[in-house]
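Trainee: Fit chain U to the given chain H structure using the hints.
2 protein chains.
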Amino acid sequence: MALVTIGNSEFDRDTAVTRRTPGVYDAHLSAGWTIIRAVNGGYLLALMGRALGDALPHPDPLSVTAHYLTASVPGPAVIRTEVVRTGRAMSTGTASLVQFADDGSEVERLRVLATYGDLGALPDDVRTTAKPPAIPPYELCLGPDSAPGERPAIPGSTAIADRLNIRLDPATAGWAVGAPSGKGEMRGWFGLADGRDPDPLSLLLTVDALPPTAFEMGLSGWVPTVELTTHIRHRPAPGPLRVAITTRNLAGGFLEEDAEVWDAEDRLVAQSRQLARAVQAG
Amino acid sequence: MALVTIGNSEFDRDTAVTRRTPGVYDAHLSAGWTIIRAVNGGYLLALMGRALGDALPHPDPLSVTAHYLTASVPGPAVIRTEVVRTGRAMSTGTASLVQFADDGSEVERLRVLATYGDLGALPDDVRTTAKPPAIPPYELCLGPDSAPGERPAIPGSTAIADRLNIRLDPATAGWAVGAPSGKGEMRGWFGLADGRDPDPLSLLLTVDALPPTAFEMGLSGWVPTVELTTHIRHRPAPGPLRVAITTRNLAGGFLEEDAEVWDAEDRLVAQSRQLARAVQAG
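First to last, the sequence lines map onto chains H and U. First residue of the first sequence: 1, per this note's numbering; consecutive thereafter. First residue of the second sequence: 1, per this note's numbering; consecutive thereafter.
So that you can see chain H by itself, here it is in the shape it has in the complex (with noise of 0.2 Å):
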């Protein structure tokens, strides 16, 4: 069996992209990250963070805010970068994918904005009051291999289930049984299905890679996300990753989801926040 380190798995395949010309990257954005016919929002968000990481001279993401504007697909893209500001210990760019219409025009996807940095140079002062979430052992948790009845899967084609290692919490996989909570919550361990571990640009798809937290709340619609702002707080450890997702509020059709990720080593290594809309099923 093959080792499966970052730099050589299909995440780093997938999110592989091409510099054309200085800070002009072709990409192609894999049919293997899609959910039911949407190409996942976090894996989008890997792809434009390793185009931008390449374009600014510091390697990790520190706060990277996407807009997401039409639903991407599968298939070629290009992403363009420009460079806002290159300063001594931080850098800020844009970043812009777009995709082309039969008739050849072009269609912008996602918009980001984001600042990187150098994990690795930070200083190791940890001061924080946030806690691991209380998530049940792994093997109590339920995924893949779970009992037909207990297998919490999306309904449809979705690709990314086969790509992504998530076992959910009990207490917030009602929804898959019928029997959803009413709070707004989502937890569970989360892994990359071939064993690769996680890095700053993993973390940007583990913030969007659980089940919208608005089944467990009961609504059974489309969640598409309007914006989403993650800030990469460490370098993860190897190892299975925690992920927390909260909604307190759904109000006037849109919601907001947090989310936090917690490494093997009990540091919190991610925070995000997105804002949501709450489409009804038709």
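Incorrect hints may appear among the rest.
[Said to hold, decoys possible] Among chain H residues calculated to face chain U with C-beta under 10 Å, some are: (1) L113; (2) L122; (3) R127; (4) G184; (5) E227; (6) T229; (7) H234; (8) R267; (9) Q271; (10) R273.
Since the hints were made in silico from the structure, they are not lab data. Note that beta-carbon positions come from the ideal geometry of N, C-alpha and C, so glycine has one too.
Mentor: Then chain U, alone, in the frame of chain H:
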């Protein structure tokens, strides 16, 4: 006494922008909104929000992200906007604030990426588990008219203090008398000093107007914002606002500040998160 309403207040005059050509605006950063020498980040955000409100077809900010690049100074400035996408219910744009160095060269201060919509057109549904912050009654909080020993003033010349009516929860004002609580919390009542009622634009100021939570954590240095994202969730009712800010994770020299703003009718009207650097006093 003149009636101060939305449109004729000092806040409105100081956030005025003049369209020079389509999408390009002249502005003047007022010295009235400075903390020591720095122009307040929330005031800058409101100014940018006003330009975007003119450039985009929708009136209200729904999600606004700003990356703070260099320190703004009072004086002339130019805002350049770009319309990224125009949809039926939402539109997305960018804005860049620049000032000019002595040699005439441009220095970018702030880059913004935002999605606008129409808060008045949203459905009335609310399903929230969020609760208004527990803040003592207005008259028991500490403000500009409190006794000198209790008045929570940031040392140095803070012109902005004359324009805001902030009354801090005594439980989060210990820093002002050398006894910080050690907790990453800051809470208080917020209004504009001249009595102008809140609107979505002034909420962009409100989320960055309280003293930094770092003061209550016992840090004495500067806490410059790297990135600030604000979601405007509802049009605020007239009357005083309540603001609660929480920091859970200070690590590697960075901390997040999560703010919630509640209006006089107990509606959660804004949520924001910023990533800031903790710079120790030299």
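Trainee: Next step is simple, just say for each hint if it's right about the structure.
Mentor: Here is what the structure says about each hint:
1. L113: H:L113 check passes; min Cβ-Cβ to chain U is 4 Å, inside 10 Å.
2. L122: With a minimum Cβ separation of about 3 Å from chain U (threshold 10 Å), the hint on H:L122 holds.
3. R127: holds (4 Å)
4. G184: holds (7 Å)
5. E227: holds (4 Å)
6. T229: Holds: closest Cβ of chain U sits about 5 Å from H:T229, inside 10 Å.
7. H234: Since the shortest Cβ distance to chain U is 6 Å, the answer is holds.
8. R267: With Cβ-Cβ at 8 Å, under 10 Å, it holds.
9. Q271: Hint on H:Q271: holds, closest Cβ of chain U at ~6 Å, below 10 Å.
10. R273: With a minimum Cβ separation of about 6 Å from chain U (threshold 10 Å), the hint on H:R273 holds.
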